Structures are given as structure tokens and as C-alpha cells.
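Asker: Here is how the chains run, residue by residue.
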Amino acid sequence: MGITVNGTDVELPDDPRVSLLDLLRETLHLSGTKKGCDQGACGACTVLVDGQRILSCLALAVQYEGRSVTTIEGIGADGALHPLQQAFIEHDGFQCGYCTPGQICSAIGMIEELRRGVPSHVTGDLHATSIPYSRDELRERMSGNLCRCGAHNGIIDAIAETYRANAHPEAAE
Amino acid sequence: MSIVDKGKEAAQGIAQSVMKKAVELAPGALLPGGRPDPLIRRQHGHIGKPVSRVDGPLKVRGAAPFAAEIALDGMVYAALAYSTIAKGRIVTLDTGAAEAAPGVVLVMTHHNAPRLNPPPRFLSGDKAAAGDDSPVMQDDRVRWNGEPFALVLAETQEQADHARSLIRVTYAEEPAATSLPTADGCEVGTFMGEPLRAVVGDADAALAAAPHKVEAVFATPGHNHNALELHGATLVWRGDELFVHDATQAVAHTAWSMAQIFGLEEAQVHVSSPFVGGGFGAKGLWQHQILAAAAARLAGRPVRIALSREGVYRIVGGRSPTEQRVALGADADGRLTAIIHRGVTPKTRHSPMPEPFILPTQSAYAARTFALEVQTCYLDMVANTFMRAPGEAVGTVALECAMDELAEQLGMDPIELRILNEPEKDPLSGRPFSSRNIVAAYRAGAQRFGWDRRNPVPRSRREGEWLVGMGCATATYPYHRMPGGAARITLDAAGHARIDVAAHEMGMGTATTHTQVAADRLGLPLDAVTVRYGDSSLPGVILAGGSQQTASVGLSVMMAHQELVGELLKLAGNDSPLAGLGADEVECADAGLRKLDEPGRFESYASILARSGRSELVVEGSAPMPLETMHWSMHSHGAMFCEVRVNAITGETRVSRFLGSFDCGRILNPKTAASQFRGGIIMGLGLALMEETQFDGRNGRIMNRNLSDYHLPVHLDVPEIEVIWTDIPDPHAPMGARGIGEIGITGTGAAVANAIHNATGRRVREFPITLDKLL
Numbered sequence: 213m214g215i216t217v218n219g220t221d222v223e224l225p226d227d228p229r230v231s232l233l234d235l236l237r238e239t240l241h242l243s244g245t246k247k248g249c250d251q252g253a254c255g256a257c258t259v260l261v262d263g264q265r266i267l268s269c270l271a272l273a274v275q276y277e278g279r280s281v282t283t284i285e286g287i288g289a290d291g292a293l294h295p296l297q298q299a300f301i302e303h304d305g306f307q308c309g310y311c312t313p314g315q316i317c318s319a320i321g322m323i324e325e326l327r328r329g330v331p332s333h334v335t336g337d338l339h340a341t342s343i344p345y346s347r348d349e350l351r352e353r354m355s356g357n358l359c360r361c362g363a364h365n366g367i368i369d370a371i372a373e374t375y376r377a378n379a380h381p382e383a384a385e
Numbered sequence: 024m025s026i027v028d029k030g031k032e033a034a035q036g037i038a039q040s041v042m043k044k045a046v047e048l049a050p051g052a053l054l055p056g057g058r059p060d061p062l063i064r065r066q067h068g069h070i071g072k073p074v075s076r077v078d079g080p081l082k083v084r085g086a087a088p089f090a091a092e093i094a095l096d097g098m099v100y101a102a103l104a105y106s107t108i109a110k111g112r113i114v115t116l117d118t119g120a121a122e123a124a125p126g127v128v129l130v131m132t133h134h135n136a137p138r139l140n141p142p143p144r145f146l147s148g149d150k151a152a153a154g155d156d157s158p159v160m161q162d163d164r165v166r167w168n169g170e171p172f173a174l175v176l177a178e179t180q181e182q183a184d185h186a187r188s189l190i191r192v193t194y195a196e197e198p199a200a201t202s203l204p205t206a207d208g209c210e211v212g213t214f215m216g217e218p219l220r221a222v223v224g225d226a227d228a229a230l231a232a233a234p235h236k237v238e239a240v241f242a243t244p245g246h247n248h249n250a251l252e253l254h255g256a257t258l259v260w261r262g263d264e265l266f267v268h269d270a271t272q273a274v275a276h277t278a279w280s281m282a283q284i285f286g287l288e289e290a291q292v293h294v295s296s297p298f299v300g301g302g303f304g305a306k307g308l309w310q311h312q313i314l315a316a317a318a319a320r321l322a323g324r325p326v327r328i329a330l331s332r333e334g335v336y337r338i339v340g341g342r343s344p345t346e347q348r349v350a351l352g353a354d355a356d357g358r359l360t361a362i363i364h365r366g367v368t369p370k371t372r373h374s375p376m377p378e379p380f381i382l383p384t385q386s387a388y389a390a391r392t393f394a395l396e397v398q399t400c401y402l403d404m405v406a407n408t409f410m411r412a413p414g415e416a417v418g419t420v421a422l423e424c425a426m427d428e429l430a431e432q433l434g435m436d437p438i439e440l441r442i443l444n445e446p447e448k449d450p451l452s453g454r455p456f457s458s459r460n461i462v463a464a465y466r467a468g469a470q471r472f473g474w475d476r477r478n479p480v481p482r483s484r485r486e487g488e489w490l491v492g493m494g495c496a497t498a499t500y501p502y503h504r505m506p507g508g509a510a511r512i513t514l515d516a517a518g519h520a521r522i523d524v525a526a527h528e529m530g531m532g533t534a535t536t537h538t539q540v541a542a543d544r545l546g547l548p549l550d551a552v553t554v555r556y557g558d559s560s561l562p563g564v565i566l567a568g569g570s571q572q573t574a575s576v577g578l579s580v581m582m583a584h585q586e587l588v589g590e591l592l593k594l595a596g597n598d599s600p601l602a603g604l605g606a607d608e609v610e611c612a613d614a615g616l617r618k619l620d621e622p623g624r625f626e627s628y629a630s631i632l633a634r635s636g637r638s639e640l641v642v643e644g645s646a647p648m649p650l651e652t653m654h655w656s657m658h659s660h661g662a663m664f665c666e667v668r669v670n671a672i673t674g675e676t677r678v679s680r681f682l683g684s685f686d687c688g689r690i691l692n693p694k695t696a697a698s699q700f701r702g703g704i705i706m707g708l709g710l711a712l713m714e715e716t717q718f719d720g721r722n723g724r725i726m727n728r729n730l731s732d733y734h735l736p737v738h739l740d741v742p743e744i745e746v747i748w749t750d751i752p753d754p755h756a757p758m759g760a761r762g763i764g765e766i767g768i769t770g771t772g773a774a775v776a777n778a779i780h781n782a783t784g785r786r787v788r789e790f791p792i793t794l795d796k797l798l
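Residue numbers (the working numbering), protein chains in the order written: chain U, 213 to 385; chain L, 24 to 798.
In short, the hints are calculated from the structure, not lab data. The structure displayed is predicted, hence computed values, not measured ones. Don't be surprised by glycine CBs; every beta carbon is placed ideally from N, CA and C. Keep in mind that the hints are not guaranteed to be accurate.
[Unchecked claim] Covered stretches of chain U (chain L as the covering partner; in silico rule of three or more C-beta atoms under 8 Å from a C-beta of chain L): (1) 227-237; (2) 302-314; (3) 320-329.
[Unchecked claim] Per the computed footprint, the stretches of chain L lying under chain U, defined by three or more beta-carbons under 8 Å from a beta-carbon of chain U, are: (4) 378-385; (5) 729-737.
Same shape as in the complex, but just chain U:
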């Protein structure tokens, strides 16, 4: 059994040292997933595994046998941009574009965590059944994705706008 990447089965690498990130970039030529540190410190390599966000640089490819990986190339349907991708363009949520795929994949995974009620460092009430989609919640939860160009405002705006419909009315800012 191999790994499913964006719906396609791919073989595991022969070399067990190969990270999931390097499998994507060097073997599969899915270079949308970026390498910014290779140490789990920048978030540029964020992908979704069975819907959850992970840092693919800290993942050995062979550990993901049988799992389903979604990269930036698998976001959006039939060549159309995902609404979040469109919102990144509208809000100028990037400059150089290098951290962008990681920010987008991370945000998609993050929103699911928020929906499931997983608390964060800034969540006031840890017993609450629903967590507000406040800017600080979004900021805290996206803080593992570095951006050196300083597009933070646009990134948070894009996420907030895309998922505003999911927010509880009383929590919307």
C-alpha cells in the first residue's frame, strides 16, 4: 500500500529517510508545498492528512502509508480556486507567495479544529462548547505559520471573510 496524494496513489519511497515534504517536492514534483526551515518552525510545509494539518518536514513519508494527503495542488475543485484562495488574492494575503500554500492549508485545517471546539491559548472558557471565530482566535491558531513579508493582516482578513458564515452570530466581530 502507498500514500494517497490529492486522490492519487503513490508509492512509498525506498529510502526511509525521505520526509513527506521531500517526497512531495522532489519525487512527485508537487512543489507547491514549501520548505522554509525543514525543522518544524515556519509552517511553510503544512499539508492536510485525512483533513488534519501537519508539518510535512517533520513527517517521514513511510509513516504515512495508507493515509490521504492533500496539498495545495489538491485544494479547490477542477482547476477553480478554493474560496479561501480567492480571498487571499482579494485581501492581498501574501506578497512573495512562499508561505502562502502553507497558510492556506493550515487555515483549512485550523477551521476544522475551531469547529470541533478545540480550545487554544487565547480561548477564555475552556469548557465552552463553541468557540468564537474572533480575530485573536484566528491569529493564535495561525501563529505557527510564519510570514516574513508581513501579510498577516490580509491573511487573517481572508480567513475571517471566507469562514464568516460559519461563525456564531454573537461571536462575529
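Chain L: place on chain U using the hints.
Answerer: Only chain L this time, still in chain U's reference frame:
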């Protein structure tokens, strides 16, 4: 620096000063920018519209190709081994195990590296690109802690990394200069061929006599650019030609410099760099491209070199630390009588320039006396280099904090103190300002930010555990335009124009903005203009640095456009409604030429080309020498406003609000410009509160060479940042626009520090202002 270099530099200095005097005295109308760019008058075109990035869809899909992502057949991967001493000789170097390791194609050391010429140091020639002119793996010397001494090529990155770990080296260590007390000499630094020193009157005497004075020492640490894209290149030799897919801010410079190093003709080196994952001054020519090209030649294989994050810290320079003493003297009314700004900063003997922290002080305020000086002390360390707003980023920290201290002593509002000392002309050069509306920027910013709600008494506002304060500071960065700008316009029979220019995109929105500008220049819709850039085969020597790229490209296209109009009129001939008209009687509009005062006399480009049987028209233009910068004092300006909350118990600082009010001439694209301003400000927040390259003064080694220990602002550190601007065109700048890329980081550190003082009553003068300094 050798005596020969010094003599050369002195001669250049004399020639420059003669030239400068002549240009200062010349009638302005004859100079570039002497007649305002006609586009300034046009108010209803594409310029000024918040156009989304033309490359946005590529970037959000991860489909924009970066240098280390180009796949080449037969490509091998490189790994570098870095020295662990600061100075000495390699005594033994055992590469046997590495050579025998699986997949290894080549181990290169100084024993087998090809003979290479030293890299041409940036600023040493028109197209010199290298951040360091040390010989590259040519001998057994170690010149800094982290210098590469071996390169491994292998079939996979994993194999190369493993083999690299098998190399064994021993050194004969020599005493190294790795801290200021052990520096290998100090002297007055130079910047662009001129000494970093200015003396007007007797500032020390004026300070002593001043009824009001402040004097303080400010320390800023080293900084690293930390662009998210790691430095990397994918390259291949085809015969004697070298093709480099690079991540660079200088494609033309890199091609020429690589040719010098490898003894080739410039045309034999091709450098392509359409997307750069952040630069900030760091993406130039360093050892990795040179070593990879040397190894590719030895191995006869294409090579990908992608530096690790540690590798970037080891061989790519950062901003040097500074220690700055600022003393300000003022009369009873608050008028400055003395500005003293002196200090020291380390540099290597192989890097292009010291951190020129007095630059902002040269044109900030009127004063009767000045004493400014940068002392450069030589260390054995990784080369220092320019990082976003070299000089101004850290120089404004010292100057603008000192101004805040002086305002407090005088009992004046710090904005009013600055406005009181606003100069009428450049205080040192005496040149007129091209356009300076900093007072308007302050007034607009103060109103928008609610500056009148600031209590001037420190530590007077508390909300629970949090002490709240507001501060401001002046931002400034010069207008630069470097020689060498050129561009080509290809107009086709369908009325589509392609702009070819060797410019760069590392997030500034280059293609987007210049599509807008060219569309207005040519009277075309946006979708009829394509901008091709990022390749050394295109015209122009255009550095993406010094916030000058937009001016350089803009004027180059303007010159090409003049050629185009002349050629079109010639082609139009006598059967055209335009017959007999000269270039200064027509304008470009509606995809054609029309008479300025008689719009009915019009012919479309398509019609002109069709009648003349042309499928396309190709013209090229070159920008004149940037004499405007010697005739006018040209600077972007800004007023920065910050509100902080400092936790009274933990000392933690949170920036709760920030506003930048800018005066940078005309803003060409408000969407991308706002991002440039915010990006600079956010890097300034890092400078203020967390960023520090920790340098071990015992062994010259950078300790925090990763993104876990070098702290950058993250999402939760960044509040909503408001940016506004005067939008007053600069009559002497192309499109009326001065640079916007670097000014955001200037003034920000001081605005934060001044806000912290207002919140807590504490003056922290050693940056970054971490919580331990506020406890």
C-alpha cells in the same frame, strides 16, 4: 581594503564631488525629473487603482516556480560542510568515507575545486553582485566561523546530507577578531564611496552650551533577513554556457559576476529568477551559487543547491549590530542647536559596506551644528550586508528615541518638536527637497490615530494588569535610482504591448504595478499589457534594492515609450490623421496616438502597424544617469504611531494599535503598496521587540541559526495595522512615485520604544525590548 582600492575610492570620491557640484548648480529642467512625468497629470487611469496581483492565482495555488523547484534531467543534490572555527588553516581533511558513501557523485574541497576568480564585491563595479569577495574554496584558509570547506554532490539530498556528515576536518586555529575589543582595526566607514562622517560647526560646544540637552547610548543587535524561501539555485552547464535558476534580487549583476568568477563572457551566463520568496537585501550572490556551479562543472551534471536554514545563517550576511550615541542640544524654545550621532558597528574586510546608521540623521532636522560619524571595526565573521533600510532602520531608533526624550524634557508634544525643527532645505547638502510633506503626514496620522488622547505623563493609563501608552516617530528613506535602467517595448499588430525588463518580483507586485503604469503610458487596457521580467537576457541592470526598482523600471519604460511614439509617427506617415505631428504634440490613448489638443486626429496602433505592413514594433529605451538625486534632496517620509500594552507583572509588551502615515509621492497601487508598508512595519515590530542575531563573541559563531531561536513576529504579535498616505506626487520622480519598500521598517522601532516609555516610564535603549528589560 587595499591601498589600491583606497586610492580608487578616493579618486571616485573626488570625481563624484565635482560632478555633484555641477549637477547641483545645473538648471533643474535639464535633468531627469526636471519636467514632471506626464502620467502625474493623468488621474483617471489604472494608476492608483487597487488592482489585485496579476500573479496572485499562481501564488495561491503554489504554482509560481521558485529556484529550488526547477527539475532538470540528471540533476544531483548538493550539501555543504561549514567550518567551526573563526580563523585559521585546514590541516587535515578526510573525505574518503564521504566519497565511498552511497549515491555520492563528487566531494569538492579546495584540493579539487576549479580555479576561480574572486567574486566581484557589490558596489565595486556597475554589475558586481557578491556580498563577500573572499576566495571561494581556493585554499586552506578559514576566514569565518561557518565558511564552507566542502561540498558533496549525490543522487539524492538524503545521500548528500549523510555523506557530508562523514567528512572529517582538523584545523590550526589562529587568533581571531570576533568582538569589538579584539577588532582588527577601526576607521571611519564609507558608503557609496563617501565617508560616513559629517561635521557642521562645533556640535560638542553647542551641546555644552545648550539649555536643554539629552544624551544617550542605544544598542541594536544583528538582524537576519529570514526570507521564508531558503537560498537556493538549480543550475546546469551546457557546453561553456551556464544556466542558473536563482533566487536573486539582481539577475543582470549575477550573470556578469558569475562570468567574472568563471572567466566567461557575460553572454555565456544566463540567470533566471521570476519569483523570489522574499529578499529584504539577502538574495544576492553568495558562495552557494558559485560552489554549485563549480561542482556542476566538475561533475558534468546539473545541480540543485538548497541551503538549510542554518546554511543561510552561515554564508549569507545579515545586518550588523550597532552602538550609537545620540546627543541633542536645543534652545529654550526647542530649536535644535546640536545634533550629534556617532557610533560603532562591526564589518568584515570582505563585505560591501558598514551599517550606515547616520543616514537618517543627515536630512531629518534643521540644526546649527552637526557631528555625525560611523566607526567601522573589522571582525572575522560572516559578511555583514544590507538588510531592509540599511542605516535608516536602526539609525532612526536612536535618533527618534532621543527626540522623544528631548520633547519630554522640554515639556513639548513630540510631534510639535519635530515640526518646529522641520528643515526648509536639506540641512547638510543645502539642496532643495523635491517634495517633503512630512508635516501633513504627521497631522493626518495624529488625527486618525487619536493622538490627542495620549497622556504625556508616563505610566498614567492602566487597564488591569496592563499599562497602556502611545508613541510616535519619524520614518524616512531616500529616493534612489541606480544607473543602468533599460526596457524594451514590443507592440504587436493586435495592439498588445509586452514590456521586457530585467526586474524582479519578491513580493512587491512588480508585474502588477508595471502593467498598470505601462497601460497608462501606452493608453491600453490592463489585459493588453504583459510584463516580462526576472531574466538576465532582458534589458537593464536593475537592482531590486534601495527601494529603487519602481523608479528605475518606470523611467526605463518612459524612455522606451518616447522611442515608440517617435517610431509610430514615422510609420504613420503622410496618410495618417497624425501626419506632420511631432512627438510632443501627441499622447497615447485608446490604443493609439492622438493629438493632444485635437482628439479627433487619432490613429490606432493596430492601424498604423497594419498600414506599414508591420507585425510588430520593437523599441528599447535607457534611463539617463540619476542626476536628479544630486540636484534635489529626495526622500520618502512617514509618521509612525504606536499604542502598546505592557504587562505590569510580566513585562510582556503587546502592540495593540499601529498606524503609518506616509508621504512617498504618488501611490501606484494602493493594495500592493499597503502590503509593502505593513510588511516593513511588521519587520520593525520585530526589530523593536524580539529580533536578535545572537553572535558568540568568543568564537564568532551565530548561535540562534534557526527560526525557533530567532524570533519573528507571528500572527498573534501583529495587530491590525492602518496605513494612510498623502498621495502628493513628487514632481521630480518617475510617475511622481518615490520608493515604498523600505520606509516601513524605519521609525517603527522608535515609535514602539517611545510608546513603551509612555506606558511604563521606562527608557529601554538596548534593543530588542524584551520583557526582562521591563521587569
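Asker: Within the segment 227-237 of chain U, is the number of residues with a Cβ closer than 8 Å to a Cβ of chain L three or more?
Answerer: holds (count 5)
Asker: Please verify the coverage claim for the segment 302-314 of chain U: does it have three or more residues whose C-beta sits within 8 Å of some C-beta in chain L?
Answerer: Three-residue rule met by the segment 302-314 of chain U, so holds; n is 10.
Asker: Mind checking, does the segment 320-329 of chain U have 3 or more residues with a CB under 8 Å from chain L?
Answerer: With 0 residues close enough to chain L, the hint is violated.
Asker: Cut-off 8 Å, C-beta pairs, minimum 3 residues; does the coverage of the segment 378-385 of chain L by chain U stand?
Answerer: violated (count 0)
Asker: Would you check chain U against the segment 729-737 of chain L, counting CB to CB pairs closer than 8 Å, and say if three or more residues qualify?
Answerer: holds (count 6)
Violated hints for the displayed structure, listed by number in ascending order: 3, 4.
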